[in-house]
Amino acid sequence: MTAVPEADREGPLTWRARLNVLTAWLQYLWPCRRWIGVSALAVLIASVLGVLPPYLTKMIIDSSLSGSSEGRFLERVSLLFAVPLLAAAFDIVRSAAGIRIGTYLMRRIRADMFDKLMRLPVEYYDRRPTAPFIGRIQHDVAQVESFLREAIPHFLAQAVLTFSVLGMLFALNGRAAAVVLGLLPLSALAIRSLWPRLRSRTLRAWNAEYGLQQSIAESLQGIRLIKAFRQEEAERDRFNRRNQAAVDRYAEQLKSAMWMQPGLRLAISWAIAFVWLAGGLQVIRGRLSLGTIVAFTSYLTLFLGQLRSTFHSAGWANRALASADRILDLLRTEAPITEPDASGEMGEMVRAKGDIRVQSVTFAYEAGRNVLHDVSFHVRPGETVGITGRSGSGKSTLIQLLCRLYDPDSGCVLLDGVDLRRIAPGTLGRQIGLIMQDVELFDGSIAENIAFGKPGASPREIVEAARIAGAHSFISRLPYGYDTRVGERGVRLSGGEKQRISIARAVLLDPPVLLLDEATSAMDAHTERAVQRALERLGEGRTVIAVSHRLSTLRNADRILVLENGRVAESGTHEQLAAARGFYYGLLEANRLAPEKEMTNGRHDLDRPRGHPVPSHG
Amino acid sequence: MDGMTWIDPGDIRFRRTDEGGLTAAWKDRAGAVTAKRLFPLSEPGGMVFIEAADGEWGMLRSAEGLAPDSRQALEREVRLHPCVPEIRAIVSLRRRNQYFQWETVTDLGPAVFMTGPPYESVAAGPGDARIVNDLSGRLYRLAPDSRLDSRSRRRLRGWM
Numbered sequence: 001m002t003a004v005p006e007a008d009r010e011g012p013l014t015w016r017a018r019l020n021v022l023t024a025w026l027q028y029l030w031p032c033r034r035w036i037g038v039s040a041l042a043v044l045i046a047s048v049l050g051v052l053p054p055y056l057t058k059m060i061i062d063s064s065l066s067g068s069s070e071g072r073f074l075e076r077v078s079l080l081f082a083v084p085l086l087a088a089a090f091d092i093v094r095s096a097a098g099i100r101i102g103t104y105l106m107r108r109i110r111a112d113m114f115d116k117l118m119r120l121p122v123e124y125y126d127r128r129p130t131a132p133f134i135g136r137i138q139h140d141v142a143q144v145e146s147f148l149r150e151a152i153p154h155f156l157a158q159a160v161l162t163f164s165v166l167g168m169l170f171a172l173n174g175r176a177a178a179v180v181l182g183l184l185p186l187s188a189l190a191i192r193s194l195w196p197r198l199r200s201r202t203l204r205a206w207n208a209e210y211g212l213q214q215s216i217a218e219s220l221q222g223i224r225l226i227k228a229f230r231q232e233e234a235e236r237d238r239f240n241r242r243n244q245a246a247v248d249r250y251a252e253q254l255k256s257a258m259w260m261q262p263g264l265r266l267a268i269s270w271a272i273a274f275v276w277l278a279g280g281l282q283v284i285r286g287r288l289s290l291g292t293i294v295a296f297t298s299y300l301t302l303f304l305g306q307l308r309s310t311f312h313s314a315g316w317a318n319r320a321l322a323s324a325d326r327i328l329d330l331l332r333t334e335a336p337i338t339e340p341d342a343s344g345e346m347g348e349m350v351r352a353k354g355d356i357r358v359q360s361v362t363f364a365y366e367a368g369r370n371v372l373h374d375v376s377f378h379v380r381p382g383e384t385v386g387i388t389g390r391s392g393s394g395k396s397t398l399i400q401l402l403c404r405l406y407d408p409d410s411g412c413v414l415l416d417g418v419d420l421r422r423i424a425p426g427t428l429g430r431q432i433g434l435i436m437q438d439v440e441l442f443d444g445s446i447a448e449n450i451a452f453g454k455p456g457a458s459p460r461e462i463v464e465a466a467r468i469a470g471a472h473s474f475i476s477r478l479p480y481g482y483d484t485r486v487g488e489r490g491v492r493l494s495g496g497e498k499q500r501i502s503i504a505r506a507v508l509l510d511p512p513v514l515l516l517d518e519a520t521s522a523m524d525a526h527t528e529r530a531v532q533r534a535l536e537r538l539g540e541g542r543t544v545i546a547v548s549h550r551l552s553t554l555r556n557a558d559r560i561l562v563l564e565n566g567r568v569a570e571s572g573t574h575e576q577l578a579a580a581r582g583f584y585y586g587l588l589e590a591n592r593l594a595p596e597k598e599m600t601n602g603r604h605d606l607d608r609p610r611g612h613p614v615p616s617h618g
Numbered sequence: 619m620d621g622m623t624w625i626d627p628g629d630i631r632f633r634r635t636d637e638g639g640l641t642a643a644w645k646d647r648a649g650a651v652t653a654k655r656l657f658p659l660s661e662p663g664g665m666v667f668i669e670a671a672d673g674e675w676g677m678l679r680s681a682e683g684l685a686p687d688s689r690q691a692l693e694r695e696v697r698l699h700p701c702v703p704e705i706r707a708i709v710s711l712r713r714r715n716q717y718f719q720w721e722t723v724t725d726l727g728p729a730v731f732m733t734g735p736p737y738e739s740v741a742a743g744p745g746d747a748r749i750v751n752d753l754s755g756r757l758y759r760l761a762p763d764s765r766l767d768s769r770s771r772r773r774l775r776g777w778m
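Chains as they are written, first to last, in this note's numbering: chain A, 1 to 618; chain B, 619 to 778.
Bear in mind the hints are in silico, worked out from the structure with no lab data behind them. Quick reminder that beta carbons are idealized off the backbone N, C-alpha and C, glycines included. Fair warning: there could be bad hints in the mix.
As the list claims (entries may be wrong) - Pair by pair, the computed Cβ-Cβ distance ranges are: (1) 713(B) x 116(A): 35 to 43 Å; (2) 712(B) x 425(A): 48 to 56 Å; (3) 732(B) x 334(A): 49 to 57 Å; (4) 712(B) x 114(A): 34 to 42 Å; (5) 626(B) x 474(A): 36 to 44 Å; (6) 272(A) x 719(B): 36 to 44 Å; (7) 701(B) x 474(A): 37 to 45 Å; (8) 698(B) x 474(A): 50 to 58 Å; (9) 626(B) x 424(A): 54 to 62 Å; (10) 663(B) x 424(A): 33 to 41 Å; (11) 732(B) x 159(A): 42 to 50 Å; (12) 334(A) x 719(B): 48 to 56 Å.
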């Protein structure tokens with residue numbers, strides 16, 4: 001499902017792969033090329049200006065202080081004021097350009113990542129925890145943004161300064177400068193040997209942070225379950241282990257660079273002391289001017305400072321590249337559900353009639369474990385069809401194929417004769433309403449939740465939808481009516497209230513096809529009756545496909561399909577199937593004998609930590 | 619799709635009683651009623667829900683079209699039901715350990731209340747409004763920056 005196969009991604013990083021990554025990032029930078037140009041020019045000028053002061057100092061010491069005119073002295077000193085002022089001005093220009101580049105990149109990369117997350121299919125999220133994406137969108141983008149914003153001018157400045165300073169060193173004293181030049185290959189070797197270690201430590205630290213983030217998210221998402229089962233202590237232990245691992249990795253990362261700065265500082269100080277030793281003797285013997293040695297040591301300090309900065313930049317680049325890899329991993333993920341052809345036949349469809357045809361559909365979540373085998377049936381417009389079967393028989397999977405959360409492995413699902421794969425997602429969304437057992441509400445007002453599928457719905461439309469869904473009565477008694485906030489995932493509402501809001505949402509959407517997936521299964525009998533009435537009102541004049549293990553809710557369906565091991569085993573009205581004494585009759589007997597609660601297939605309102613999923617593909 | 623009872627503003631009369639309650643007369647019904655705004659934050663001037671002890675009467679789309687005395691009586695009732703004061707100036711906003719104390723001037727007079735940290739207590743409201751949620755669960759509408767004086771804006775900017 002990813003553009004780059006897993007095996008290739010785990011292989012060595014080739015130059016070709018590096019080039020691909022670089023090209024991808026250059027595409028991001030291309031729209032800011034003018035600002036990058038401005039920034040680079042400002043850096044060039046500021047760098048050249050930055051090289052001048054030591055030479056001016058030499059001129060002041062050697063010429064102006066030794067018997068020259070006061071006027072000339074003041075003229076050169078005034079240059080010492082003017083040159084840094086100009087350099088500062090160009091630095092400000094560079095910063096301003098950097099802000100432009102950075103804000104553009106941050107907005108664009110974040111938007112692309114979020115867009116990708118929205119386009120990826122449910123299958124993508126089935127296989128990975130979702131909470132760490134928050135960190136990836138924020139932390140990784142910030143890392144890459146600061147690197148791309150600063151890196152080009154920074155490295156350019158380093159290169160310009162290094163070569164300018166080297167030029168000045170040669171101009172001042174060629175032999176001493178040649179010795180200094182010998183330092184360059186040494187530092188290149190040092191960076192080359194340190195780079196893989198830095199990269200590995202950065203990745204290890206990030207992986208541990210990822211685990212920690214995941215642990216926090218799982219605990220918070222499952223907080224009710226943790227409290228209900230008094231598992232706080234166990235969760236604390238789990239968190240502490242991950243926290244310790246993350247801190248250890250972080251310390252490991254810091255320790256790897258711990259000796260570097262003091263070591264470099266020592267090397268710089270000794271190099272300067274050595275120049276003073278060798279050069280000072282030359283001055284005493286009259287072979288070198290004092291100004292030259294002052295200028296030389298100043299340039300040397302600048303040069304070695306650049307080398308030190310290069311070491312520091314290696315760590316910075318490492319973190320940014322690791323973040324860039326993760327961003328590209330996401331952006332280059334390909335969705336298995338394909339966008340409709342340009343010739344999508346439903347482009348012009350305003351409202352479907354509601355004719356559903358399932359043709360020879362086979363589907364598996366994992367290769368080799370088919371959940372549905374060659375399923376075929378036809379639902380006419382306005383017909384109500386119930387689907388039942390034992391847990392794991394493929395009922396909910398079928399619903400997920402009908403609303404195209406997944407695509408069949410073979411066969412097809414047709415709406416008004418058009419394959420769902422050829423209908424634009426937006427168009428399909430308007431044709432099919434889905435009401436599930438686990439109602440998804442977001443932390444907004446009730447009105448916003450009802451209007452989720454139809455942003456911009458008027459208060460009147462919202463109230464009317466709530467009335468049909470049987471929700472108006474409890475909403476109007478809430479302290480802030482339709483503006484009452486429901487809390488994260490609707491925690492402030494009961495299961496029945498949440499379900500009625502989801503029905504109101506479907507009423508407002510007014511789709512020609514309605515899919516009900518165990519919509520009343522987690523409710524008590526009284527609430528179930530009220531919600532069932534609301535669903536019956538909603539179903540009038542629409543094609544309804546209702547999945548339920550509670551046969552009482554399907555009794556009035558025009559037709560009932562019984563799934564057994566992913567195949568349609570029986571089909572007919574309640575009376576026909578009951579009289580046939582087959583699978584349906586068996587389920588009917590089980591419904592009569594078993595308490596309702598025992599028949600639920602484990603899908604309750606209680607949250608569960610995502611780390612302990614309950615498989616439910618039926 | 620319409621199962622609602624919409625009350626024509628021309629048909630209903632409201633009156634405040636001496637005890638401060640609200641009575642209404644509509645068609646063949648009369649007596650004490652409660653009136654409540656259904657969208658107090660997003661459409662404060664919009665839908666009003668009318669209910670009596672014997673059940674729901676229906677809804678008024680707005681107070682527009684009511685007789686002036688009826689409108690006055692109704693608006694006085696719905697202004698407090700639910701009560702969402704609008705903060706028009708912030709006299710002070712101080713941190714008190716993990717809480718924040720707001721000293722404000724609202725359309726209903728001065729109000730002092732405590733909230734959690736502003737990033738949790740101040741949410742984006744409908745339009746350009748912001749909604750402040752105090753520790754007791756009461757909501758306040760915070761006027762947009764353009765309608766706040768410079769001192770209030772500065773005090774807000776210190777924390778938000």
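Legend entry - Hint numbers contradicted by this structure: 5, 6, 7, 8, 9 and 11
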